[in-house]
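Enquirer: The lines below spell out each chain.
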Amino acid sequence: QQQVKQSPQSLIVQKGGISIINCAYENTAFDYFPWYQQFPGKGPALLIAIRPDVSEKKEGRFTISFNKSAKQFSLHIMDSQPGDSATYFCAASKDFGNEKLTFGTGTRLTIIP
Amino acid sequence: EPEVTQTPSHQVTQMGQEVILRCVPISNHLYFYWYRQILGQKVEFLVSFYNNEISEKSEIFDDQFSVERPDGSNFTLKIRSTKLEDSAMYFCASRAVGSTDTQYFGPGTRLTVL
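Line order of the protein sequences matches chains A and B. The numbering of the first sequence is the numbering used here, which starts it at 1 and goes up by one. The numbering of the second sequence is the numbering used here, which starts it at 1001 and goes up by one.
Hints are supplied without guarantee of correctness; some may be wrong.
Stated by the list, open to error - Below are the DSS-like pairs computed for lysine-lysine, each with C-alpha atoms no more than 25 Å apart in a straight line:
id, chain 1, residue 1, chain 2, residue 2
1, B, K1042, B, K1057
2, A, K68, B, K1078
3, A, K5, A, K57
4, A, K15, A, K57
5, A, K57, A, K94
6, B, K1057, A, K42
7, A, K5, A, K71
8, B, K1083, B, K1042
9, B, K1042, A, K42
10, A, K94, A, K71
11, A, K42, A, K5
12, A, K71, A, K57
13, B, K1042, A, K94
14, A, K5, B, K1042
15, B, K1057, A, K94
16, A, K58, A, K71
17, A, K5, A, K58
18, A, K94, A, K58
19, A, K42, A, K68
20, B, K1078, A, K5
21, A, K42, B, K1083
22, A, K5, A, K68
23, A, K42, A, K15
24, A, K68, A, K15
25, B, K1083, A, K68
26, B, K1078, B, K1042
27, A, K71, B, K1042
28, A, K68, A, K57
29, A, K94, A, K5
30, B, K1057, B, K1078
Claimed, not checked - A short list of chain B residues far from chain A (calculated; beta carbon distances all over 12 Å):
id, residue
31, M1015
32, V1019
33, I1020
34, N1028
35, N1052
36, D1071
37, G1072
38, K1083
39, L1084
40, S1087
Honestly, the hints are just simulated from the structure, not real lab data. Virtual Cβ for every residue (Gly too), placed ideally from N, Cα, C.
Work the whole structure out from these sequences, hints included.
Expert: Quick look at the structure:
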């Protein structure tokens, strides 16, 4: 029940296209859903996060869509750029991020010219 | 911008040896975490630490692991007798008090157990 399932495992998108990564969770006690971006050899860096009281959050080219009833959330990267090529992890936490993060399995995104 | 730092960046050790991984969290943060990532796999929670005691630990965090905040700035993870399967990237994270703050991760220490 603590798992967060993430898909796809890898994704190739053309420059300028939209990248979409999906996550699903089971534990309804989760109330904080961040997305992390990780470059090779680096630690995860917070990209954007959402709480279940809103259905969408947008920051620049990055948007989280959240469906509480389906227990799913997704990351959309608009106008994808080669610099966006990285591994993306969704995560979930209880108590608005005060507790441990449970990570998804990661999506390796490659943006091709 | 303040950031979490970790040393060393890479540690190679022999099986059975003790290792200490060091972290300097962001200065006004009061919650500290260790996570690990086996090569190619997801990031896994090890332990959380607040007010000089462990708040929560995972099944991975057995008696071979310990954490300590020896002074006002460092946060350490000790593995008493390393095993081959302890080879992984170990990430320290810290978080400020308050409901709007998330966990900020350090660059990691790559531990290789031979």
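Enquirer: Taken at face value, is the distance from the CA of K5/A to the CA of K1078/B at most 25 Å?
Expert: It is violated: about 31 Å lies between the C-alpha atoms, which goes past 25 Å.
Enquirer: Would the hint linking K42/A and K15/A be met if the CA-CA limit is 25 Å?
Expert: 24 Å, holds
Enquirer: Quickly compare the C-alpha distance for K68/A and K57/A to 25 Å and report which way the hint goes.
Expert: 14 Å, holds
Enquirer: Below or equal to 25 Å on CA atoms is what counts here, so check K1042/B against K42/A.
Expert: OK: K1042/B and K42/A at ~14 Å, within 25 Å.
Enquirer: If you draw a straight line from the CA of K1083/B to the CA of K1042/B, is it 25 Å or shorter?
Expert: The hint holds at about 20 Å.
Enquirer: Need the status of pair K94/A, K71/A: alpha-carbon distance at most 25 Å?
Expert: 14 Å, holds
Enquirer: For K68/A and K15/A, compute the direct alpha-carbon distance and say whether it is at most 25 Å.
Expert: The hint is violated at about 31 Å.
Enquirer: Was L1084/B rightly flagged as not at the interface, with every chain A Cβ beyond 12 Å?
Expert: Since the minimum Cβ distance to chain A is about 22 Å, L1084/B lies beyond 12 Å and the statement holds.
Enquirer: Quick one, are K5/A and K58/A close enough, alpha carbons at most 25 Å?
Expert: Between K5/A and K58/A the Cα gap is close to 22 Å, so the pair holds against 25 Å.
Enquirer: Measure nothing beyond the straight line between the CA atoms of K42/A and K5/A; if it is 25 Å or shorter, mark the hint as holding.
Expert: 23 Å, holds
Enquirer: Do the alpha carbons of K15/A and K57/A lie within 25 Å of each other, as the hint requires?
Expert: Cα-Cα ~23 Å, so holds.
Enquirer: Would the hint linking K1057/B and K42/A be met if the CA-CA limit is 25 Å?
Expert: With Cα atoms ~24 Å apart, K1057/B and K42/A stay inside 25 Å; holds.
Hint compliance for this structure: hints 2, 19, 20, 24 and 25 are broken, all remaining hints hold.
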